[in-house]
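Asker: One letter stands for each residue in the lines below.
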Amino acid sequence: MQADWPMLSVLVWLPIAAGLLLLTVGDRSPGFGRWLGLAASVATFLASVVLWRDFDRGVAAMQFVERVPWIGAFNAWYHLGVDGISMPLIVLTAFITPLVFIAGWTVIEKRPLQYFAAFLVLEGLMIGVFAALDALLFYVLWEAMLIPMFVIIGVWGGARRVYATIKFFLYTFLGSVLMLVALVYLYLKGGSYAIADLQAMPLSMREQTLIFLAFLVAFAVKVPMWPVHTWLPDAHVEAPTGGSVILAAIMLKMGGYGFLRFSLPIAPDASRELDWLIIGMSLIAVVYIGLVALVQQDMKKLIAYSSIAHMGFVTLGAFAAFQIVRVTGNTDGAAMGLDGAMVQMISHGLISAALFFCVGVLYDRMHSRQIGDYGGVVNTMPVFAAFMVLFAMANSGLPGTSGFVGEFLVVLSSFRASFWYAFLAATTLILGAAYTLWLVKRVVFGPIGNDHVAELTDLNGREFLVLGVLAASVLLLGLWPAPLLDVMRPTIEQLVQQMMVTKL
Amino acid sequence: MNPAIITRLDLMLASPEIVLLSATCVILLADLFLDDRQRWQTFTLSLAALAGTAWVTARTGVDVRTVGWAGTYVSDPLGSLLKLVACGTVAVAFLYAYGYLQKRGLLKGEFFVLGLFALLGIMVLVSANSLVTIYLGVELLALSLYAMVAFHRESGTAAEAAIKYFVLGSIASGALLYGISMIYGVTGTLELGKVSQAVATLGPNQIGLLFGLAFVIVGVAFKFGAVPFHMWVPDVYHGAPTPVTLFLSSAPKLASFALAFRLLVEGLGGLHAGWQDMLVVVSVLSMALGNVVAIAQTNLKRMLAYSTISHVGFILLGILAGTSEGYQSALYYTITYVIMSVGGFGMIILLSRAGFEADTLDDFKGLNARSPWFAAVMLMLMFSMAGVPPFVGFWAKLVVIQSVLRIGSLWLAVVAVAFSVIGAYYYLHVVKLMYFDEPDERRALEGGGALRFVLSVNGLAVLVLGLYPGLMLALCATVLP
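Quick mapping for you: the protein sequence lines, in order, are chains A and B.
Going by my numbering, the residue at position 367 of the first sequence is 367; the numbering climbs one at a time, nothing skipped.
Take any residue in the second sequence, count from 1 to its spot, add 1000: that is its number in my numbering.
Bear in mind the hints are in silico, worked out from the structure with no lab data behind them.
Some hints could be false.
If you want the ones that stay clear, here's a sample from chain A, every Cβ over 12 Å from chain B, calculated [as the list claims (entries may be wrong)]:
hint, residue
1, 201
2, 364
3, 418
4, 462
Here are some chain A residues pointing at chain B (derived, C-beta under 10 Å) [stated by the list, open to error]:
hint, residue
5, 69
6, 136
7, 155
8, 173
Glycine is no exception: its CB is placed at the ideal position from the N, C-alpha and C atoms.
Extracted from the complex, chain B is given alone in its bound form:
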């Protein structure tokens, strides 16, 4: 294949990204000519760009794995699903963010443009078939996110969070790149398919590969926010403006899953025994630390940050099983987590108003007296995160436990369920505050109609997907046969 020639197939494979990039550039330019009162147009254009990208993704999706762009780019059903979910998540994140930003005078075009660039990074990463493409996607995503965290310029905590995120993120990117260079040095190729073949011939005990693997795992664990590479998570979640935290906690997790899957499974599948052991440690530590430390938090954003860490432990548990059932369960868990996470942060946005952040646990006191419906939504989200049926979070935990039991790791399954019982405590605590305590104030909730509507749908989705989980499970099974 001559790399200089771009074929029709190449263009078709990358068409969602091309559409998104073009649209984002147009929005970036158009935004220059709008003043603050016309900023809703940027918002509308961004949603239109997302809808268009999703439409193109759905239209150009392929049934079988297709590689293009001289072996650096891949399109497969898994990629299409992840891209569609990512588009939807970003759209929901924008919808939640709009009112919040408007009330604080933060409604700038940059927020949407950076969000779209982050999405582009996610999509590149999802479709990566070469070590360099992976790195490209990771960096595009990370740089957009750093800027988004720092986006509220007058906020000291946001600036601090952004610097922390940037410094630690750079180190992790460096580790990832270092690992990639080692793998390239040993195998002599950047293309994941060829890396996989080279690993098969070199065997699982090649010392250079194992070194490279260790650094790659550091990068992956950092992007997931897994222990012991989790230090940034609580500070960044806490410091960033809530809509940014919401964004940060949702769509990039899909990218992290894709990163782990493309690198570890498609590229380094031959080293499964090696990364399995490493991931066992990371995963158990994440579940332990995340669930235990979350109990002590008084700030809801920090609590959800630690809760994220524990959820990541579960996702890694599915990946480390190393079976297609395990990958399916990890994918299912990731999507489920994203749905719950946007809902949780959406509730914080709903309760906040100009000059008041509603991000401490006490701000949820007596919510049932103020708004029974949204208290019920939060109750569903919390029980779902705790893994209590009939909500969707239960099924996510169930499939992961099932895939871990299938590979015969009874102890891992028991550890996982034991920590989810510990984790149940702090979710129950939120329910306790909403239902059992009296409110300090009885102000009605402010959030706009769109926010209320999407949040209600979000809450109901947790219930409906939990009552009938078959559809999404079947979807995950189709894209990861």
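Just chain A, same shape as in the assembly:
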């Protein structure tokens, strides 16, 4: 369906334009700037709601397509469009950003307008990454996104922010440049940067393997997968609350999205041959990182490791598909694994955002992230404790919350691939419950730990709004995931087809 309005361009450029406007306002009138930023992000969210409403759920083809010549010399186009995989992620992005604004409303004291401007620019770039149908455009946005995040962590972060942000930048930059080499190679072979053309291009096994590995480095760093995950705990711990939220909720999803959009359809044969590699790395992430999370003393670090473990589910669900087809001979289970991966991405986006907001609420009051500094928060902050418990339950995959749906689908489908995959994956339900609930036990329950905790005040209206909206969406998605699954279905089925057809 062709919209009258270039909806996707609005989604990309509205926040960027608003961000640049905020920069020109400077810090002269912070009140006006904040409202302007909030208005822009809410408007972007409303536009994404229109996108969700007008999306045609019956077809797998790209929708809301815009295609304008961009760089003649490279045959590169300003080419945007969404399908069932990218559209939910765009809505998620547009949904989380206003919450970041509300949460940081008065908390950010140092150059608040630059902070909000950076998030607005970042939002536009992230939406662009999900909407880009031209690989060169995708790459440009993918890299450009690093700049605002680099600044956000570096300016508004914690004590070791410089180390964390440079590590973050260099890790992701190194991964990305190899992807660039692969994309240029594909362009030279096919003469086009259109992702659809790259997906259709026949490639030899050797080419596919090299391209697959180049993509793997780029996306594995972003997801992040074990063993290239080490930037994430540092970045999360040092980032301001909003930065952690965006990082966990959206940026990690780009790695998963990259696997679904690039690795699987462009190099299906190499993906089939090397699926053991991804599955192995995913299972290590699920089990080993889960154990690592158990021993953390820092709340943000714990949630960061939990993110890595949960993202392991995404890659597992996506790559178990080949084994499922090998074992069962049909593609139904494969589609279920991919469904699970996608639901897990959305759900983790909501839950991890909520948990980081919770930590932010505590941090703003106590200026400590150490678990040992808390204890018995429930006595002074009962409403907050209720939210924290809900999100912890969701994080450990309690039925009725969104966390359950994704993990259940992935575990169920990996059963069809191999009992041991499912066995190892299911340990996360135990480990996840262990580290999350133990965190809650130590922070929220028990007697009041110290005088500082005794002086805590409960949530204010602003914080209640943010956590309340997130709680509602976590429950909604957990109880009634069908609308999301319906949106994705045709696209996932098409993706499974692409994965199963050899390109040799």
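With chain A fixed as given, assemble chain B onto it according to the hints.
Answerer: Chain B only, in chain A's frame:
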């Protein structure tokens, strides 16, 4: 063709140079009658001379390659483009320099006259079609630059830098001349077109030619400042007054590109296999050393010097591909680099004031608190140099990588991107200082209105050319079909 007769065509081909030379001589004379307070007139006249030269260049530009002056001189679209960019770059360099020189009592007519003579050298080199014309251009440029580096007479470091530059530069010129003499000895001609024919008949394995080639490569690599002929770059960049460093790092790089293109491609294209191997070594070493050593620098001028070395590695990478796509990418990279480089040194000039050079990295601490806009300009320049989209530096790296992949050198492409990741570190470090650290002092920036305006345009150009790179890419493709 009778060499004694100068035709109308000859005059037309060389008209930009003739205009520039006449104007420079007039300025040289006029400057004698001005005292220090009237020196702005020299400045204005110089800008007028540049505008006039650019206008004549644009007017007399030819669509097809035309040779004149008995085969020693050539005019082609590539030459016109390079000359126009060089005129613009020199004008920007003068604009950046004016306030700086004025505040330090250095505002002498010589600076502008030497700059114009250097430009004349660049233009002669760009239009050279004979080995002797090439040498003439190289020397005119080099001698002007030596004098410009030594221009601040009371500065010991500047004098030291100038001597270093002069001694090493003379050796390189000697090597270049030696190589040229060998090529002349073997081929029996000085004209590049005939050299090319002779090389084709002699074949690529003629030992005398290969010897000559090796010496020519030394000369070219020295003028570019590529490893292992880079020793002069950091010392000279550091020692020279900042406006001179700015000048040195920008327009002469266009000349170096022209030197490499005229000599290696138009003259010795038949020896491509030979110079390709040599340039691979030079280019990889430049990227490696430039990027790694830059990390350890505390002086911004030295850091940018090493960064230049690494950029040169990329330019050579494009040239060594040996395809027209490769030459286009090298040209595009050179122009892009010039834009970024003048911006980077322009920022140093902006931050400096009388008695304070602002050339150490720490002087950029907390710039965001002092001037958010110019911190943003520097941020754009740094990310552009690092090759991060959407800035123009990314496209320059992309086209070079593309042309290297096209000739099947996957490993070279991977090496290039790996070193640019290493290089990203020190650019990020500058951004870190500006944004994440608190300033040691909160003085407002001093630079004048013109400097601020041009620098802002410079910074925005990096962004705009990066968002819409098609125009300049198409231009490079037109002049180098």
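Asker: Now, for every hint given, state plainly whether the structure supports it.
Answerer: Now the hints, each set against the structure:
1. Chain B leaves residue 201 (chain A) outside its interface by the beta-carbon criterion, the shortest separation being 16 Å against a cut-off of 12 Å.
2. Distance check for residue 364 (chain A) against chain B: the nearest CB is about 21 Å away, which clears 12 Å, and the non-interface claim stands.
3. No Cβ of chain B comes within 12 Å of the Cβ of residue 418 (chain A); the nearest lies about 35 Å off, and the non-interface call holds.
4. Its beta-carbon lying about 27 Å from the closest one in chain B, residue 462 (chain A) satisfies the requirement of being farther than 12 Å from that chain.
5. Evaluation of the residue 69 (chain A) hint against chain B yields a held restraint, the C-beta minimum of about 8 Å falling below 10 Å.
6. A least Cβ separation of about 8 Å between residue 136 (chain A) and chain B falls short of the 10 Å threshold, and the interface hint therefore holds.
7. Checking residue 155 (chain A) against chain B by beta carbon gives a least distance of about 5 Å; that is within 10 Å, so the hint holds.
8. For residue 173 (chain A), the shortest C-beta to C-beta distance to chain B is roughly 5 Å, which falls under 10 Å, so the interface hint holds.
When held up to the earlier numbered hints, the structure conflicts with none and fits them all.
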